[in-house]
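Numbering-wise (my numbering), the sequence shown opens with residue 46 and increments by one.
Note that these hints are calculated values from the structure, not bench results.
The beta-carbon is built from N, C-alpha and C at its ideal position, and this holds for glycine as well.
Computed spacing ranges between beta-carbons, pair by pair: (1) Phe220 to Thr127: 37 to 45 Å; (2) Lys339 to Ala136: 53 to 61 Å; (3) Asp216 to Asn167: 16 to 24 Å; (4) Ala278 to Lys111: 26 to 34 Å; (5) Thr175 to Lys339: 40 to 48 Å; (6) Glu253 to Ala158: 52 to 60 Å.
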Amino acid sequence: MRIRATVAAVTGALALSALAVPAAQAAGGSAADDDYRADVARIARAATDRAAGQPYDLNVSFSGFKVAKAVKVGTTQHVSTTVSYTLTHDADVNVKSGDFLSAPVLYRGTMQAPTSVPLMGNKPATCTATSATTATCTGKIDIYPGQDDLLNSDAGTWKGGALAVDFNGQDPDGFDFDITKVGYAEQGGLGSTLIQRNSTLTVDATPEPVKKGKTLTITGKLARANWETHKYAGYTNQPVKLQFRKDGTTTYTDVKTIKTDSTGNLKTTVKAGVDGYYRYSFAGTSTTPAVNAKGDFVDVQ
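Could you put together the complete structure from these sequences and hints?
Put into structure tokens, the structure is as follows:
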């Protein structure tokens, strides 16, 4: 099970080591393991510890980092998003080696001193050589909100980075492991994405049916994922548009804008005119994605 860091500001290496390893991880320490993060954390930690043996600087750089503009994360379900980037290396670096790995990272703050626990994938990226000194890499970022990967305060902009490790035949669990023979490189500031608390929105128009000219009451609720309680909770004091679509048409038009109350609830009234669908529409924020309620049909008699 993953363990959420309790320290707000930690070094990059310590933050990487806070990414706990699933219990099913094999005991071996090669780059081919299904979960490689423990080995990466050990190398990264040594790279920042000037008092101990260190990995050498691997001649690798990264560019062309591509990730989704936003990642919606609910309360319990595993979320995975794909990242691609270009890896450039010296000719003496063999990216085809089973001892070489690379991976994308999402972080806040800086990669060396993140303010939240960085996010990585369950497996290293897959890198395909495109020349003697370049490769295209594709990897995943895996998020488990049900296992406390995120705090509510983590919602918002995350930066993108990447790392590479060349073990050169060294086994981190081996008796004669020599970390100075391991190459390590990391690079931040490659891109960005929004990690957002997923949102829900409902609508209910009453009474149904209704006589023309009579008052309709439109209620609803805007809620978003709470990553700490693993439940959805009302999103308070947010502007939400009431929209209407006449039966037989395809376009919603704005009727009015109201704000959610202290529990995320919505309530307003309109005069019934013609048959059609009412819905609430939320434009979203940096921490919470936009969402539309499913239209509620009203029969006007």
